[in-house]
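J.: This is what each chain is made of:
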Amino acid sequence: MYSNKITDHGTPARPSTQQVTLQIDGLAVTVPAGTSVLRAAAEAGIRIPKLCATESLEAFGSCRLCLVEIEGRKGYPASCTTPCEQGMQVRTQTPKLASLRRNTMELYISDHPLDCLTCPANGNCELQDMAGAVGLREVRYGFAGKNHLAEPADASNPYFSYDPSKCIVCSRCVRACDEVQGTFALTVAGRGFQSRIAPGPTDFLHSECVSCGACVKACPTATLMEKTVAAHGQPDRAVVTTCAYCGVGCSFRAEVKGSQVVRMVPHHDGKANHGHSCVKGRFAWGYATHPDRLQKPRIRQRITDPWREVSWEQAIAYAAGELRRIQQQHGRGAVGAITSSRCTNEETYLVQKLVRGAFGNNNVDTCARVCHSPTGYGLRQTLGESAGTQDFDSVAHTDCVIVIGANPTAGHPVFAARLKQRLRQGAHLIVIDPRRIELVRTPHVAADFHLQLRPGTNVAVLDALAHTIVTEGLQREDYVRARCDVAEYEKWLAFIRQPRNSPEALQAVTGVPAELVRGAARLFAGVRNGAIYYGLGVTEHSQGSTTVMAIANLAMLTGNLGRPGVGVNPLRGQNNVQGSCDMGSFPHEFPGYRHVSDPAVRGLFERHWGVRLDHEPGLRLPNMFDAALGGSFKGLYVQGEDVVQSDPDTQHVQQAMESLECLIVQDLFMNETAKYAHVVLPGSSFLEKDGTFTNAERRISRVTRVMPPLAGKADWEVTVALAKALGYPMDYQHPEQIMAEIALLTPTFRGVTYEKLERLGSVQWPCNEEAPDGTPVLHERQFVRGKGRFVVTEYVPTDAHTNASYPLILTTGRILSQYNVGTQTRRTANNVWYAEDLLEIHPADAEPRGVRDGEFVVLKSRKGETTLRAVVTERIQPGVVYTTFHHPESGANVVITENSDWATNCPEYKVTAVEVTKAAAPASSWQQRFGEFGKAQESLRPGSEG
Amino acid sequence: MNRKKLVTMANQIAAFFAAEPDHSVAVAGVAGHLQRYWEPRMRREVYAVLDGGGEHGLSPLVVEALVAHRASLEPARP
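Residue numbers (our numbering), protein chains in the order written: chain A, 1 to 946; chain B, 1 to 78.
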């Protein structure tokens with residue numbers, strides 16, 4: 001039988017340069033000082049029975065199974081809480097120890113049901129194993145006495161059950177929730193015999209539990225158990241792969257029975273997540289086999305025609321024919337494509353190659369356009385590389401963290417857990433955000449400063465921070481003068497010193513009291529290691545790129561780049577958005593961020609691809625929509641994106657889609673964009689293909705096929721077929737060959753091979769001759785561009801101004817349980833936590849409008865209006881409202897304007913002038929049209945009665 | 001292409017580079033940005049706006065960049 005037991009050394013490793021040598025059962029063992037006896041024994045291959053100890057948690061010493069004898073010491077100390085000492089002589093197996101352990105096990109089993117044969121943990125139960133290990137043969141106490149065997153199970157959580165009758169109160173779940181996740185949702189309620197694990201005075205579903213699964217993973221019995229294991233039984237094999245949700249890129253062991261996923265368990269050796277997970281990656285993978293999955297290609301001539309299911313060959317031939325017809329009629333530049341940040345590196349590479357090689361233009365873009373394109377631009381301009389500077393482990397060395405425009409506990413929960421661990425150890429925290437995000441105050445974590453700025457004033461706040469540091473002489477002048485372009489620095493100094501950049505002068509603009517800005521600046525400049533983490537609250541503004549450059553300025557000014565514990569850390573949104581950018585998905589860049597106008601680079605690709613390549617930049621996503629409405633852009637191939645739901649000014653996007661003569665959508669589901677398509681090609685989930693993802697820390701990790709593609713083709717195979725039909729054959733038999741081509745043509749990927757990824761687990765680019773095992777921290781000796789470049793960052797107010805008609809500012813974001821446009825998570829039980837998008841409004845704004853909690857309200861901007869339910873909360877500041885865009889019928893993006901970042905066209909999702917009024921009906925006119933269009937499209941699906 | 005939108009976008013670029021104290025660097029910055037990131041039909045449209053005269057709405061810095069760098073910025077007719 002397959003065993004899913006991972007080698008567990010019982011207590012965490014203790015990194016130390018000092019080594020100690022001891023004798024365990026007569027065997028000499030040398031370990032770092034501070035290592036527990038339990039771990040030292042495990043490392044030497046000596047297994048000491050244990051129940052409450054596990055490697056991911058600090059030793060607790062409660063189960064009394066790991067007792068040992070130590071020469072010269074009285075009693076029987078727990079080996080988990082006893083650190084090794086030089087010369088120590090330890091015995092792990094003696095008649096007395098055996099007797100003590102057996103007695104202890106006997107007591108445990110006297111209050112545990114003997115239903116092993118029907119227990120879902122049968123075969124993978126630590127309690128069962130320990131009973132065997134200690135040689136338990138009888139339970140002398142019987143079961144007639146007082147026990148917990150009749151306690152009812154709590155099945156309220158959709159993904160796991162809690163059966164207290166099986167609980168041994170080892171506290172591993174409580175400690176996992178505290179130490180690993182940092183939510184502190186669980187406790188041991190009662191004392192003595194009454195002691196029970198409790199998620200507060202309620203059930204799991206309604207508790208503060210965030211369903212990260214850490215408690216379930218830690219449980220040594222079947223007390224906390226995945227419902228899928230109970231349903232399907234124990235798995236028969238495991239495949240290591242990478243999560244397809246956020247940019248943290250957690251490594252998972254997909255535990256499988258045949259081709260049925262039984263559960264996803266966070267991989268202990270995963271370098272991004274170190275064995276931790278969130279509710280999405282751990283549990284919300286059921287969408288992969290949801291009945292809504294597209295399984296056959298479809299075509300139609302007009303979007304009012306019924307769909308026809310056809311073979312792959314027919315669909316590909318039709319799509320290729322239409323693309324060529326459009327190019328013949330409207331010109332080479334009349335078609336383009338959108339690569340998917342949810343697909344693999346190899347797949348995005350192929351789509352941009354298809355555009356450049358077969359379409360003959362550079363009209364390729366990706367969803368990074370609408371999220372982190374300003375990161376690429378801003379970091380390139382200042383530091384020389386379009387990527388975050390650190391690995392996630394870096395946060396463990398940080399003394400002060402600035403979190404600006406990010407909500408990690410919702411968007412990047414596994415990183416947030418690491419961050420909270422560091423904050424609980426004493427690191428300082430500065431939050432810059434219009435909302436009171438969870439990190440501002442959460443159990444055992446409180447921000448030193450919360451600069452609750454007005455949306456759209458990031459640059460002003462960052463300039464004010466830098467002004468304070470410079471005018472108070474707190475900058476690292478030695479670092480700056482050694483590492484940065486001094487002439488550019490002097491120019492920037494002259495700008496930033498101006499009194500108009502002071503916190504006092506900008507207070508009226510930002511809404512942040514000057515003394516708070518000064519305090520935060522002094523704190524950040526005064527620590528040894530300061531790190532900045534940011535998200536879309538930085539980039540999705542008309543000054544998104546300027547804000548990124550202001551962040552880089554601040555990091556250089558304080559000497560916080562080039563070593564662990566510091567850095568500029570963009571928290572990337574989608575699983576492979578970093579990778580899709582690396583792979584040349586932008587219309588002005590080849591893979592490796594090299595501009596299409598560079599003749600040497602172009603020549604390199606021309607030689608390898610065997611075609612002439614365009615030297616002009618192509619259309620960006622919003623430009624494609626405008627060109628479509630202008631009549632010069634007629635054909636679009638969209639792989640794994642849903643622009644109709646995700647992009648701003650929904651009605652504008654819908655009109656652009658309607659104007660296309662051929663829209664090809666490749667996706668798992670009939671998403672909102674597919675309703676406007678002429679060709680639909682079934683996509684494949686991350687479980688159905690091989691490849692790689694690159695996460696926010698530049699970490700390239702393998703994606704490994706777990707089950708065959710439901711529709712018969714992995715996404716890369718579809719692109720290969722389309723290219724062939726267009727007369728541009730691509731000869732790949734496996735994604736490994738695609739990666740070999742990427743490595744050949746991309747200097748930062750030159751050393752990447754599948755063999756290396758499998759050997760090392762993952763690597764962070766640059767991975768090449770200079771760094772064969774990858775690069776955890778960028779800019780160590782010098783910046784990638786040579787000297788760091790300070791850029792003048794003048795605050796320019798957004799055009800999204802409020803007035804009497806639109807007096808409120810709308811800002812948007814996301815929540816923990818839903819992901820992006822919800823295509824995946826809405827098809828899972830995660831809906832139990834967030835079944836509709838809600839509008840947060842402050843009581844001071846709700847009261848004069850007569851808006852009460854839970855009522856429908858109309859949200860109206862200069863672009864459109866929609867209706868959704870209100871949540872009255874002080875989490876948002878007066879004058880600002882907040883919503884999410886996880887549900888298409890909510891239409892949050894209907895009200896977002898076409899305003900965008902000056903440098904990259906990244907939409908200004910975070911600032912829209914709006915008004916909120918009580919709703920007379922639960923649906924706006926747009927929502928009514930949306931519903932009618934959806935019904936009409938449903939009637940056109942294959943097999944529909946029409 | 002929506003010319004009004006292109007004018008707004010061009011003026012946004014100019015608003016960033018206007019902070020550059022060396023005016024010639026600011027002009028080159030605007031031109032360079034249009035060259036590197038704007039697809040030819042967008043550049044063609046913005047020249048059509050400029051050449052159309054009247055109240056085109058382009059900021060002086062954009063106009064200066066378009067005029068000074070016309071040879072490299074204006075794409076050939078397709």
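Simulated from the structure, these hints should not be mistaken for lab results.
In this text the structure is predicted, and so the values were computed from the model without any measurement.
Just to be clear, a hint being listed does not mean it is correct.
[Said to hold, decoys possible] Selected chain A positions facing chain B (Cβ under 8 Å, derived; list incomplete):
hint: 1; residue: Leu613
hint: 2; residue: Ala627
hint: 3; residue: Ser632
hint: 4; residue: Pro843
hint: 5; residue: Ala919
[Unchecked claim] Subject to a maximum C-alpha distance of 20 Å in a straight line, what follows is the list of computed SDA-like cross-link-like pairs (lysine to any residue):
hint: 6; chain 1: B; residue 1: Lys4; chain 2: B; residue 2: Ala71
hint: 7; chain 1: A; residue 1: Lys787; chain 2: A; residue 2: Pro797
hint: 8; chain 1: A; residue 1: Lys863; chain 2: A; residue 2: Ile815
hint: 9; chain 1: A; residue 1: Lys863; chain 2: B; residue 2: Asp22
hint: 10; chain 1: B; residue 1: Lys5; chain 2: A; residue 2: Arg483
hint: 11; chain 1: B; residue 1: Lys5; chain 2: A; residue 2: Leu629
hint: 12; chain 1: A; residue 1: Lys491; chain 2: B; residue 2: Leu6
For each residue, glycine too, the CB sits at the ideal point set by N, CA and C.
J.: For the pair supplied as a hint, Lys787/A and Pro797/A, confirm whether the alpha-carbon distance does not exceed 20 Å.
T.: violated (30 Å)
J.: Verify the proposed pairing of Lys863/A with Ile815/A, using a straight-line Cα cut of 20 Å.
T.: With a Cα-Cα distance of about 25 Å, the restraint between Lys863/A and Ile815/A is violated, given a limit of 20 Å.
J.: Please check whether Ala627/A passes as an interface residue: C-beta within 8 Å of a C-beta belonging to chain B.
T.: Since chain B brings a Cβ to about 6 Å from Ala627/A, closer than 8 Å, the hint holds.
J.: Given the hinted pair Lys4/B and Ala71/B, is their alpha-carbon gap at most 20 Å?
T.: Roughly 24 Å separates the two Cα atoms, so the pair is violated.
J.: Does the alpha-carbon distance linking Lys5/B and Leu629/A stay inside the 20 Å limit?
T.: holds (13 Å)
J.: With a cut-off of 8 Å, does the beta carbon of Leu613/A approach a beta carbon of chain B closely enough for the hint to hold?
T.: violated (15 Å)
J.: Is Lys863/A close enough to Asp22/B, meaning Cα to Cα at most 20 Å?
T.: Given that 20 Å is the threshold and the Cα spacing comes to 38 Å, the pair is violated.
J.: Classify the hint on Ser632/A as holds or violated, based on whether any CB of chain B lies nearer than 8 Å to its CB.
T.: holds (6 Å)
J.: Using the nearest Cβ pair, does Pro843/A come within less than 8 Å of chain B?
T.: Violated - the Cβ of Pro843/A stays beyond 8 Å from chain B, reaching only about 36 Å at its closest.
J.: Closer than 8 Å between Cβ atoms is the bar; does Ala919/A clear it against chain B? Give me holds or violated.
T.: Violated - the Cβ of Ala919/A stays beyond 8 Å from chain B, reaching only about 31 Å at its closest.
J.: Keeping to a limit of 20 Å between CA atoms, is the pair of Lys5/B and Arg483/A held or broken?
T.: violated (40 Å)
J.: Please work out if Lys491/A and Leu6/B have their alpha carbons no farther apart than 20 Å.
T.: Violated: Lys491/A and Leu6/B sit about 30 Å apart, past 20 Å.
In terms of the numbered hints stated before, the structure departs from hints 1, 4, 5, 6, 7, 8, 9, 10 and 12, listed from lowest to highest.
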